[in-house]
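Asks: These are the residues of each chain, in order.
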Amino acid sequence: MNAATPALSRVEDRRLVTGQGRYTSDWNLPGQLYAHMVRSDRAHAVIRSIDTSGARAAEGCVAVLTADDVKAAGFTELPTGAPVKATDGSMQVKCPMPVLATDRVRFVGQPIAMVIATSARAAQDAAEQIMVDYDDLPAVVNMEAAVKPGAPTLHDVSPTNLSAVAESGDEAAVKAAFARAKYTTTLSVHSQRLTGAPMEPRASLASFDAASGLYTVYTPTQGMLGMRGSLSQVTGVPQDRINVIAQDVGGSFGLRGGTFSEQVLLMLAARTLGKPVKWTSTRSELFASEWHGRALTLTGHLAMDADFNILAMRWDDQADLGAYTCYFQAFIGTRNLAVTMGGVYKAPALYCRQELIYTNTVPVSAYRGAGRPDIAYAIERLIDEAAAQHGIDRIELRRRNFIPNSAFPYTTANGTVYDGGDFEGTMDKALAMADFAGFAARKAEAAQRGRIRGLGFGCYLEASGAGGAPKDVVSARFGEAGVVQVFGVTGSSGQGHETSFAKIVADGLGIETRQVRYRASDPTQELVGNGTGGSRSLYGAGSACKMLVARIIEVARAHAASMLDATPESLEFRDGAFHAGARSIALLDIAGKLAVTGTSHPLDCEGEATSGMTFPNGCHVAEVEIDPNTGVTEVIAYNAIDDLGVVISPQLVQGQVHGGVLQGAGQVFGEHIIYDNETGQLLTGSFMDYPMPRAGWINNIRNDYNPVPTTLNALGAKGVGESGCSGSMPALVNAMSDALRGRGVPAMDMPFTPARVWAALANAAKS
Amino acid sequence: MNIELNINGSTHSIECEDRTLLVEAIRDQLGLTGTHVGCDTSQCGCCTVHLDGQAVKSCSMLAVQAQGASITTIEGMASGDTLHPVQMAFSACHGLQCGFCTPGMIMASADLLRRHPDPTDDQIREGLAGNICRCTGYVNIVAAVKTAAKMIQQAPANRA
Chain A
1 MNAATPALSR VEDRRLVTGQ GRYTSDWNLP GQLYAHMVRS DRAHAVIRSI
51 DTSGARAAEG CVAVLTADDV KAAGFTELPT GAPVKATDGS MQVKCPMPVL
101 ATDRVRFVGQ PIAMVIATSA RAAQDAAEQI MVDYDDLPAV VNMEAAVKPG
151 APTLHDVSPT NLSAVAESGD EAAVKAAFAR AKYTTTLSVH SQRLTGAPME
201 PRASLASFDA ASGLYTVYTP TQGMLGMRGS LSQVTGVPQD RINVIAQDVG
251 GSFGLRGGTF SEQVLLMLAA RTLGKPVKWT STRSELFASE WHGRALTLTG
301 HLAMDADFNI LAMRWDDQAD LGAYTCYFQA FIGTRNLAVT MGGVYKAPAL
351 YCRQELIYTN TVPVSAYRGA GRPDIAYAIE RLIDEAAAQH GIDRIELRRR
401 NFIPNSAFPY TTANGTVYDG GDFEGTMDKA LAMADFAGFA ARKAEAAQRG
451 RIRGLGFGCY LEASGAGGAP KDVVSARFGE AGVVQVFGVT GSSGQGHETS
501 FAKIVADGLG IETRQVRYRA SDPTQELVGN GTGGSRSLYG AGSACKMLVA
551 RIIEVARAHA ASMLDATPES LEFRDGAFHA GARSIALLDI AGKLAVTGTS
601 HPLDCEGEAT SGMTFPNGCH VAEVEIDPNT GVTEVIAYNA IDDLGVVISP
651 QLVQGQVHGG VLQGAGQVFG EHIIYDNETG QLLTGSFMDY PMPRAGWINN
701 IRNDYNPVPT TLNALGAKGV GESGCSGSMP ALVNAMSDAL RGRGVPAMDM
751 PFTPARVWAA LANAAKS
Chain B
1001 MNIELNINGS THSIECEDRT LLVEAIRDQL GLTGTHVGCD TSQCGCCTVH
1051 LDGQAVKSCS MLAVQAQGAS ITTIEGMASG DTLHPVQMAF SACHGLQCGF
1101 CTPGMIMASA DLLRRHPDPT DDQIREGLAG NICRCTGYVN IVAAVKTAAK
1151 MIQQAPANRA
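Residue numbers (the working numbering), protein chains in the order written: chain A, 1 to 767; chain B, 1001 to 1160.
There may be inaccurate statements among the hints.
Claimed, not checked - Listed next, with one range per pair, are the computed distances between beta-carbon atoms:
no.	chain 1	residue 1	chain 2	residue 2	range
1	B	His1116	A	Ala407	53 to 59 angstroms
2	A	Leu214	B	His1116	51 to 57 angstroms
3	A	Arg574	B	Asp1081	42 to 48 angstroms
4	B	Gly1009	A	Glu526	44 to 50 angstroms
5	A	Asn700	B	Glu1004	46 to 52 angstroms
6	A	Gly31	B	Asp1081	32 to 38 angstroms
7	A	Asp435	B	Asp1081	52 to 58 angstroms
Hints in this document: simulated from the structure, not taken from any laboratory. Note that the Cβ used here is the ideal one computed from N, Cα and C, for glycine as well.
Extracted from the complex, chain B is given alone in its bound form (with noise of 0.2 angstroms):
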């Protein structure tokens, strides 16, 4: 089937299978391979996007149904070289080793901040959950997300 994605501000029109996952036509067809696949059963946010703003695992939905919809992934994060605040909160707290993690880390982050925008140390591990990362043991990740926010809060402008 020919389906239409919106992604990162352009939009792409692709052939695909009815079952292809939404993470598949972003990987594979697109050849936006930031986005990454670390298990089969939506538990470790490897994936996570943004669609029309909101964080989601882009294993758990068919690229049929992103039709419409707008979607961002970590390449379209950033303003040319200028770096989204949670991008250079993550480097600059060394919340990120092997990366694999990453972008879904991100994504889900800057989705958090969006819904707090002052959270609590409890709020980032209960929104960051759905995320797994087996190199940092998270204490770096929580730092990242509360000085991204502290980034955004000083200057708006910031945020992507």
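With the rest of the complex left out, here is chain A (with noise of 0.2 angstroms):
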């Protein structure tokens, strides 16, 4: 160690950079079999027959789990969250997911049978010997095609591919607004298919105690409760029989929110077989088979009156759910695109209808958002094109319609509250960041050098999520000397809960970070709460932590008083100390004085709260560079204000801002899901074929804030995940419209890929 040796950021780091931290696939038990799928290569197909017999003379083969061993079981299919309810009254038509696929197929790695073996190679070669006999069905995998006459029907009980139809709004208030406005204008943008793609490949072992009758479960989470609570519903285990155990896990973004078919199966095989099982995916499988995000196509009507004020919004959209109903997937199409569809802007009237169609693909559910960053991306596209169309200057026509900071709380024209923010003073700040006012003469220098230059906005506002909880709770124990040890629910996955969380509670007691332990989900406490997602964990799980503080500080002051020998109400607590007069006694004093050998100590306690979903929004703008010869483009600069209401980790916060905008970029520039539309293959199944992005992508995002502290909550936290997508989506692409517009490029959706720019261009030239 020497002066030029900065310090470590986060608790949990040295584990992380030094090679010992424990990702799912690193835990091994004593006598493990090993597992591998089986997975449909067809997009839509009878299955006539499987034999199995040729995988279980195979070497080493021990089982092989088909539908039929999960009939026997008694499992359900897979979850698929709260139902959406339809326009006429109905309930949206589910499909569940069957754990292992039982007649049917529906979509391209569509799991079909489980082979257990004695080593990974030994259940993949034994995977290869199983013969499926299929009859192949005609398959759909775009929505346009889904819904029209004649298309091929997945499910019987959905003859339409219709799962349901949903709206939000007043129609006839829209309506009557569209009559009269002076300036309309439509815009269909479509946000493609994508996948997660967190680094680490889902893994799982499971194993099976016959005496206590006890499953231990290792598998990635976003928190315990919602895992244990999935695995339960499909096996039909009680919650208490079933521990779920994630350390590290390595990136989620909506991924890991509840049981997929391995993780059942694999409980399924630990309790038949009497050995723990583990199953570790390829990345080709996931592509194939992980729960893809996005794929909605939304269709924004905007009308104004003679001054450009908005008078309504109307969006027609279409959710892509895939080939079957999945947890989370509903919401996304339907409520996470609606509560937020007039963005940051006065809209009288508002309405949404909302198509949720299936289509022979894997099914989609959350991603970074969730439908969030969709909505923002596509209000700020309209309002460029209105601006276009139109001959408004796009900051003049911004200016003229955000919802003014003397409105909060502001209550939308379909009922959502907005708590705060200055949309206005956040916009400015932008412009001068990114030197709006020099934009001309840069853009003049490229063209010298033939290059074009497009300046976009993106004027986000979101809803992080209230979660499904009815409150957070985390614990405090203090068995171990000199530390507080911090339990919750809200299990990371590379957010960093144990710095943010130990440092709210550190902060609060006086004492040091280190001194504070956070675990997520730990089997031995039984709490309440949410698991990450939302961009809710630091306000949900963290105003907990702060309740925990003044609870820790109320249980200690009695013991405190009697050791100082004085009144509980004359003590001072200041730095980790309790103070009467010149004596004092430290909290972590007191705590080893009272220690005691048992399970409980006597300031062990708990502290809880409820926080409501609040609004994170922002304004980014990005500059880039079109080479015109190429289609390759260069994002020149990127420039990020955002209000998240009370920053209490800058590092991490701007850590979150950085990935999600290059996440969003990732779509803007690259990232898609293909399949081809004849036979319903899928044609971009690893990273040789799906551009994730690289270094390089964005080199220079600079970021501030705008702070409008939130009053629905303990910390003013609005949130931090998921606002960097809902920012650059628009922001990059409104840039890339700019440039391209000038050229006679017409509205395209992205993936902007030097390809597509390049033939677009060259089109534009033709015409």
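Now that you have both chains on their own, put them together as the hints suggest.
Replies: Below you can see the structure in the form of structure tokens.
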């Protein structure tokens, strides 16, 4: 160590930079067996028979599980989440996915069998001996084709492939507004299908203890309760018989909220075989089977009066569900779009109609933002399109229509209550940061070099999650000398919970962060709370941590009083100690003196908080430069002003902004899951044909804040997890559109790959 | 077949199949689980280790091919409690979030700094083009590599 040696940033970092982290596939248990999945190689087919005899005879093969075994075990289908109520009052037609395919497969990659053997290679070799006899059916892999009359039907209970038609807002009011509008604009945008691709491929290891009847399942989660609940739901095993263990989770982005087929099959295999069973996926099978994201088409209609005041917005949205209903899914194309469908703008009338459609593709679920970035993107593109179409400056159009600061709390036309913001101030700060005044000169300079410059805005607003649990509870345990252990439900998949929550408790107690140890989802703790998701962990569990601090001080005060021979109310608590005049005693010393053998300590207590939905917002400004000879785009500058409320851990928040911005850029410039329209085969099945964002895609993200603290939680924080995507998708695409519009290129969809940009420029030059 | 692998300064004799990949031998047979597997097409770089000082993707060679070479994994980068400058800089600059890509990133970065002790931003980006991170947006990773370069220059003894 020397003066040039900086300090470690996060509590979790030392183990992660030294290779001592424990991700799911790093766990092994004595005597474990290995599983390999057999998946459909057809997009749509009837299964006539499955011949497992070759596999069973293969060297090292121990067992083969098929749908018959799942049925015999009494398992249900995979969880589907809350249903959506359709416009006609009926409930959504749900088509849950069987754990293993029974008589039919509906997408390439659907699980058909699990092969268990003495080694991973033996399981893979045996799996290749399984013969599935199919009768192919016609497949439909895109929404437009799926709802056409005569399209192949996926599910008999949903003959039109429409799972539901839902709505939000006031259609009549919107129609009336359009009837009296001076200016109208319509724009349809597609948020293409993506894969979440957390870097840790999904893995699970399950064991069963026959004596206690207890299952232990090692698996990545966003918080143990959601995973345990869904495992219990499918298997029928009571929740208190399932221990879920996830120490380090290598990213989630929405994918670790509940069980897939493999986890419950491993539980079944572990019980019936009497040995632990481990499964580690390949990346290729994740492309073909792990829930996809986005896959939405949003058609916006904007009505304005003669002064360009917005009168109404209407949305006609289509959400591709993939082949089956799965958890989170229905919310994405309905509630998560509609809740902020007016964005940062005063829109006196709002209406959204949503179609949820089945296709022969991987089921779609949550992916970083789960509909929120999509609607933010669609709104900001619609605003820019309206400005260009009707010849009003895009900044002026925004200024005229921002919800003013005086209007908060502001109730939108469809009933959402925004707590607060400073939308115009945020945009002005972003304009200054981006040197918008100098853009014209920069554009002219670029043109002299033969490059096309564009600048775009994303004035986004999104709803962070209220959470499914009624409250968030955290507990403090003082059993270990010199340390406060804090337990909670929400589990990190990279957010740094062990650092953030420890900091809140340590700051509140006036002790060092290293003296507080946060642990998620400890099986010994029965707590209520939400998992990580909806950008809410920090203000949900974090608020509970703040309440915990107050509770700890309250509980310790009486003990301090007797130790200091003073009255409790005469004591002052500061800097980690109770003070009575010149005498004082440190909190951790009190804990030490009270230490008892046994399970509970006199200072052990809980803190809880109920935190409602709040509204992170911001203005991101992107500046791009296109080389028309190659279609290659360079992001020249990226400036972000966010209102995330109170920021607790600035470095971690900035990291979330960076990561979110680049994840949005991934969708803008490359990522795209593509199926062949004829065969339904997946064409983008690996990182070789699915471009993940790499170092150098955006080099200079600058960010700052215009915080308007919320009063809806104890910390004043609004959440940050998803805001980066919500800002970067519109900012980057509006910058691309700004550049391309000057060359006569009509509105185009993501991704802006060099080939697509070059072709669009070439087509525009021809016409 | 029986092979000998020299990893992090000690020699191990292991029994493996001909087809065993180096990363499988490292993880499954030697229990060094800091080296990760993030894909199956040599794209992600999570499995990067050093072979005679050079960064290689351990998913892209057979274990038997590594016989006779000196292999360093992420577990071999620190000296006791003293972290390698690249490890230290990744944390200090918040160049990791979930941490899954981090061992590979650190191994690739250390090799990059061996070849370019004072790298430009472009050299860093090019040097890390074979490593995918889904969390950080790479901004802080590039900053970490620059910081590590400074640490090594200011205190060459820091170089592992």
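Asks: Run every hint past the structure and note whether it holds.
Replies: Here's how the hints hold up against the structure:
no.	hint	in the structure
1	B:His1116 to A:Ala407: 53 to 59 angstroms	holds (54 angstroms)
2	A:Leu214 to B:His1116: 51 to 57 angstroms	holds (53 angstroms)
3	A:Arg574 to B:Asp1081: 42 to 48 angstroms	violated (34 angstroms)
4	B:Gly1009 to A:Glu526: 44 to 50 angstroms	holds (46 angstroms)
5	A:Asn700 to B:Glu1004: 46 to 52 angstroms	holds (48 angstroms)
6	A:Gly31 to B:Asp1081: 32 to 38 angstroms	holds (35 angstroms)
7	A:Asp435 to B:Asp1081: 52 to 58 angstroms	violated (46 angstroms)
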